[in-house]
Amino acid sequence: MQLALVIDPGKCTSCKQCELACAYEKEQTFNPSKSRIRIFDFHEEGRFVPYTCTQCDEAWCQQACPVNAITTDHASGVKLVHDNLCVGCKVCTIACPFGTINYNADTGKVIKCDLCSGDPACAKACPTDAITYTDVEQQGFDKMRAWAAKTDSAAQTS
Amino acid sequence: MSWTRKILRVNLTAGEITTEPLNMEWAQKYLGQRGLATKYLSEEMDPNVDPLSPENKMIFATGPLTGTCASTGGRYSVITKGPLTGAIACSNSGGYFGPELKFSGYDMVILEGKSPKPVYLSIFNDNVQLRDASHLWGKSVWDTDDEIKAEVQDPLAHVAAIGASGEKGVLYACIVNNKHRAAGRSGVGAVMGSKNLKAIVARGSNGVDVENPDAFFAATDAGKKVLAENAVTGEGLPAFGTQVLMNVINETGALPTRNGRDVQFDGAHDISAEAMAEPRRADGKANLTTNVGCFGCTIACGRISTIDPTHFSLQGEGRDRYKHNSGGLEYEAAWALGASTGVNDLDALTYANFLCNEHGLDPITLGATIGAAMDLYEEGIINSDTTGGLELKFGNAEALTKACELVGTAEGFGVELGMGSARLCAKYGRPELSMTVKGQEFPAYDPRGIQGMGLTYATSNRGACHLRSYTVSSEILGIPEKTDPLVTEGKAGLVKAFQDATAAVDSAGICVFTTFAWTMEDIAPQVNAACEGDWSVDNLMEVGERIWNLERQFNMAAGIKGDQDTLPDRLLKEAAKTGPAQGLVAGLDKMLPEYYELRGWSTDGTPTDETRARLGL
Numbered sequence: 001m002q003l004a005l006v007i008d009p010g011k012c013t014s015c016k017q018c019e020l021a022c023a024y025e026k027e028q029t030f031n032p033s034k035s036r037i038r039i040f041d042f043h044e045e046g047r048f049v050p051y052t053c054t055q056c057d058e059a060w061c062q063q064a065c066p067v068n069a070i071t072t073d074h075a076s077g078v079k080l081v082h083d084n085l086c087v088g089c090k091v092c093t094i095a096c097p098f099g100t101i102n103y104n105a106d107t108g109k110v111i112k113c114d115l116c117s118g119d120p121a122c123a124k125a126c127p128t129d130a131i132t133y134t135d136v137e138q139q140g141f142d143k144m145r146a147w148a149a150k151t152d153s154a155a156q157t158s
Numbered sequence: 001m002s003w004t005r006k007i008l009r010v011n012l013t014a015g016e017i018t019t020e021p022l023n024m025e026w027a028q029k030y031l032g033q034r035g036l037a038t039k040y041l042s043e044e045m046d047p048n049v050d051p052l053s054p055e056n057k058m059i060f061a062t063g064p065l066t067g068t069c070a071s072t073g074g075r076y077s078v079i080t081k082g083p084l085t086g087a088i089a090c091s092n093s094g095g096y097f098g099p100e101l102k103f104s105g106y107d108m109v110i111l112e113g114k115s116p117k118p119v120y121l122s123i124f125n126d127n128v129q130l131r132d133a134s135h136l137w138g139k140s141v142w143d144t145d146d147e148i149k150a151e152v153q154d155p156l157a158h159v160a161a162i163g164a165s166g167e168k169g170v171l172y173a174c175i176v177n178n179k180h181r182a183a184g185r186s187g188v189g190a191v192m193g194s195k196n197l198k199a200i201v202a203r204g205s206n207g208v209d210v211e212n213p214d215a216f217f218a219a220t221d222a223g224k225k226v227l228a229e230n231a232v233t234g235e236g237l238p239a240f241g242t243q244v245l246m247n248v249i250n251e252t253g254a255l256p257t258r259n260g261r262d263v264q265f266d267g268a269h270d271i272s273a274e275a276m277a278e279p280r281r282a283d284g285k286a287n288l289t290t291n292v293g294c295f296g297c298t299i300a301c302g303r304i305s306t307i308d309p310t311h312f313s314l315q316g317e318g319r320d321r322y323k324h325n326s327g328g329l330e331y332e333a334a335w336a337l338g339a340s341t342g343v344n345d346l347d348a349l350t351y352a353n354f355l356c357n358e359h360g361l362d363p364i365t366l367g368a369t370i371g372a373a374m375d376l377y378e379e380g381i382i383n384s385d386t387t388g389g390l391e392l393k394f395g396n397a398e399a400l401t402k403a404c405e406l407v408g409t410a411e412g413f414g415v416e417l418g419m420g421s422a423r424l425c426a427k428y429g430r431p432e433l434s435m436t437v438k439g440q441e442f443p444a445y446d447p448r449g450i451q452g453m454g455l456t457y458a459t460s461n462r463g464a465c466h467l468r469s470y471t472v473s474s475e476i477l478g479i480p481e482k483t484d485p486l487v488t489e490g491k492a493g494l495v496k497a498f499q500d501a502t503a504a505v506d507s508a509g510i511c512v513f514t515t516f517a518w519t520m521e522d523i524a525p526q527v528n529a530a531c532e533g534d535w536s537v538d539n540l541m542e543v544g545e546r547i548w549n550l551e552r553q554f555n556m557a558a559g560i561k562g563d564q565d566t567l568p569d570r571l572l573k574e575a576a577k578t579g580p581a582q583g584l585v586a587g588l589d590k591m592l593p594e595y596y597e598l599r600g601w602s603t604d605g606t607p608t609d610e611t612r613a614r615l616g617l
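Chain order of the listed sequences is A and B.
Residue 1 is where the first sequence starts when you use my numbering, and the numbers rise one by one after that.
Residue 1 is where the second sequence starts when you use my numbering, and the numbers rise one by one after that.
Heads up, some of the hints might be wrong.
[What the hints assert, rightly or not] Derived pair list, reagent style SDA-like, types lysine to any residue, alpha-carbon separation capped at 20 angstroms:
| # | chain 1 | residue 1 | chain 2 | residue 2 |
| --- | --- | --- | --- | --- |
| 1 | A | Lys109 | A | Asp119 |
| 2 | B | Lys6 | A | Thr29 |
| 3 | B | Lys285 | A | Thr29 |
[Claimed, not checked] Simulated DEER-style distance windows between Cβ atoms:
| # | chain 1 | residue 1 | chain 2 | residue 2 | range |
| --- | --- | --- | --- | --- | --- |
| 4 | A | Thr107 | B | Ser536 | 37 to 43 angstroms |
| 5 | B | Lys482 | A | Phe141 | 42 to 48 angstroms |
| 6 | B | Asp604 | A | Gly10 | 56 to 62 angstroms |
| 7 | A | Lys150 | B | His269 | 41 to 47 angstroms |
| 8 | A | Val136 | B | Trp137 | 39 to 45 angstroms |
| 9 | A | Phe141 | B | Asp146 | 38 to 44 angstroms |
These are computed hints drawn from the structure, not numbers from a lab.
As the structure is a prediction and not an experimental result, all values here were calculated from the model.
Even for Gly, the Cβ is constructed at its ideal location relative to N, Cα and C.
Work the whole structure out from these sequences, hints included.
Structure below.
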């Protein structure tokens with residue numbers, strides 16, 4: 001079973017605990033500027049949206065990489081950056097349509113979400129379940145259930 | 001660890017920017033933020049300086065837990081001599097600004113002197129600059145925030161700014177970061193304006209480390225669990241915000257109403273959390289859109305709201321900026337702008353609250369000052385000629401919003417209202433109508449119905465304030481244990497314990513709202529794991545007591561002595577007319593002597609040599 005991050009902006013409060021957890025997991029320091037997941041604050045709309053890599057099946061970043069530094073872990077579907085191969089050319093950052101792979105000037109390599117080897121720190125740190133880690137094939141089921149609940153098919157008289 | 005151990009010092013007169021090591025000996029005695037910055041201010045500055053002169057200094061200070069994953073670990077405070085009170089000012093804010101100072105590599109920023117022209121300070125790690133702000137002078141906080149982010153070409157930077165009110169010396173101008181979080185009280189925004197400093201923008205890319213990571217994660221995880229499982233921090237505050245208190249305090253008979261004439265407001269429900277959640281007729285939406293957390297906060301009590309599109313405040317030209325979501329009403333603001341003025345129009349209050357955020361005003365002093373002006377108006381002391389046409393009658397929502405607009409830009413009668421109620425009422429010969437202690441308006445708890453708050457207000461080092469010892473927790477909510485709000489017995493000890501604990505919490509980088517659920521037993525392990533040194537419960541309480549006495553010393557040196565530990569006559573002499581406290585006045589005289597004794601102060605409220613020696617002062 002493949003798992004994936006499911007993000008529900010409706011539950012996000014913009015507390016940044018996911019950014020802190022990600023940064024600590026990856027950099028061993030509380031430094032949100034190095035987080036692989038980011039919360040964007042749409043103040044005027046009253047909306048907060050956590051955003052990170054969705055691990056595309058056919059990943060633009062991977063296809064654009066000229067030195068094959070990005071590989072797929074076939075069991076998890078995760079796209080991994082190999083620091084020993086990455087030359088810091090940043091072509092992947094241009095290729096990614098979502099902007100979720102980024103250059104780290106401190107190391108000269110790119111960084112992206114790798115789902116923490118199957119135990120993502122962001123999901124564990126989220127206090128409101130805005131970020132969960134669930135079966136990739138069932139990601140829509142909660143939404144389906146919510147819409148199903150709104151279906152008014154009972155007690156129709158005509 | 002957890003401290004960056006570095007201070008940024010900016011001499012605005014000379015335009016000089018320097019860094020220096022943090023005094024770690026002081027950090028061990030004063031922890032950080034509120035305590036440590038007060039130590040720096042006390043050591044570096046004569047407490048007798050004019051608050052709005054270049055001789056006053058102001059310090060933006062973070063705590064050791066600021067920027068860590070400790071729940072609510074995102075706070076900063078502004079410490080300076082306050083122009084509203086002449087006392088120590090220490091205003092605490094959340095949002096996302098404070099951690100960026102820390103991520104840039106600084107525990108605090110000390111600002112000195114006065115810039116010859118309007119400037120803003122930009123802090124991007126080691127790249128620190130004073131930049132021209134001539135084009136921003138006169139602009140609102142919201143516009144300044146947007147323009148600075150565009151100028152520095154960094155949408156992820158965070159801005160703390162003042163509006164025109166701070167530039168023009170409104171004595172309760174505040175500093176607003178992230179457009180709706182504020183270092184709110186005592187006029188710290190006016191000090192910033194007097195220095196020609198429009199804003200600070202910051203973004204950092206350094207990490208914050210802790211001393212013992214394993215112990216830190218264990219302690220902070222345990223702390224988050226306590227917050228999540230507590231009825232107030234886990235359910236009440238996220239769902240209803242601090243506004244959960246409006247109906248509760250009204251029923252308690254402790255909601256100061258119409259400038260303290262009454263202790264219950266018949267319009268309380270209309271402006272409560274429950275009303276904010278009700279769908280309105282015009283668009284089917286509720287006033288409350290969602291809740292929001294500050295940096296690191298797992299409680300998320302913040303409100304994001306909209307105004308009813310058919311409301312009078314949104315009609316006419318130039319209203320577009322108020323037609324979307326922004327920071328909504330919290331309890332103190334809803335009380336001050338509403339109950340204190342007798343206005344029960346939720347949308348008018350939401351609009352007035354937006355104005356406070358847009359222009360950088362403390363809603364507590366603003367609302368209470370308008371309430372006092374309404375009292376003067378109803379008494380016939382001032383009239384519409386004095387007010388430039390404002391019909392300042394209790395309950396007049398349109399007059400309220402117009403008055404807020406005028407104070408926001410410091411125009412017309414807004415200039416007089418901008419002095420605060422103490423100066424306003426004194427000017428018109430009725431000083432007793434000002435609901436202030438040491439020049440600062442008391443907030444949303446009437447001491448006639450919650451006796452401990454009378455002592456809290458009277459002895460607060462920054463003038464009347466609920467956040468120095470929130471005995472409402474014990475007297476109303478039963479946290480950590482229930483005491484009777486109508487009696488004075490035992491309150492002296494309660495107030496002292498809350499004051500000392502709160503001073504420590506405010507110095508750690510976390511939010512005092514955690515103490516609805518956390519005791520010092522929950523907090524000490526988090527501080528202890530983050531910081532080197534001994535941060536046991538006992539030591540934190542002693543640090544808190546030391547900070548309290550240091551603030552007191554600052555005030556005494558500034559000429560504010562024990563005779564000012566008092567309350568407005570209305571609270572001491574006019575009994576509550578309705579509710580559970582009917583017939584009661586604030587029994588301050590029954591608590592104050594015992595409080596002085598518990599503090600180790602003389603009968604006139606001066607810390608004794610023995611007490612000072614015990615605390616190492």
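Tested hints:
1. Between Lys109 (chain A) and Asp119 (chain A), the direct Cα distance comes to roughly 23 angstroms. Violation of the 20 angstroms bound is thereby established for this hinted pair.
2. Restraint check for Lys6 (chain B) and Thr29 (chain A): the C-alpha separation of about 18 angstroms stays at or below 20 angstroms, so the hint holds.
3. Our distance criterion of 20 angstroms between C-alpha atoms is broken by Lys285 (chain B) and Thr29 (chain A), whose separation comes to about 42 angstroms.
4. Distance hint check for Thr107 (chain A) and Ser536 (chain B): the Cβ-Cβ separation is about 40 angstroms, which falls inside the suggested range of 37 to 43 angstroms.
5. Remark: the range hint 42 to 48 angstroms for Lys482 (chain B) to Phe141 (chain A) is upheld by a beta-carbon distance near 46 angstroms.
6. The hinted window of 56 to 62 angstroms between Asp604 (chain B) and Gly10 (chain A) holds, with their beta carbons roughly 58 angstroms apart.
7. Between Lys150 (chain A) and His269 (chain B) the Cβ separation comes to about 31 angstroms, which falls outside the hinted range of 41 to 47 angstroms.
8. Checked against the given bound of 39 to 45 angstroms, the beta carbons of Val136 (chain A) and Trp137 (chain B), roughly 54 angstroms apart, lie outside it.
9. Take Phe141 (chain A) and Asp146 (chain B): their Cβ atoms lie about 41 angstroms apart, and the range 38 to 44 angstroms holds.
Going through the hint list in order, the structure does not satisfy hints 1, 3, 7, 8.
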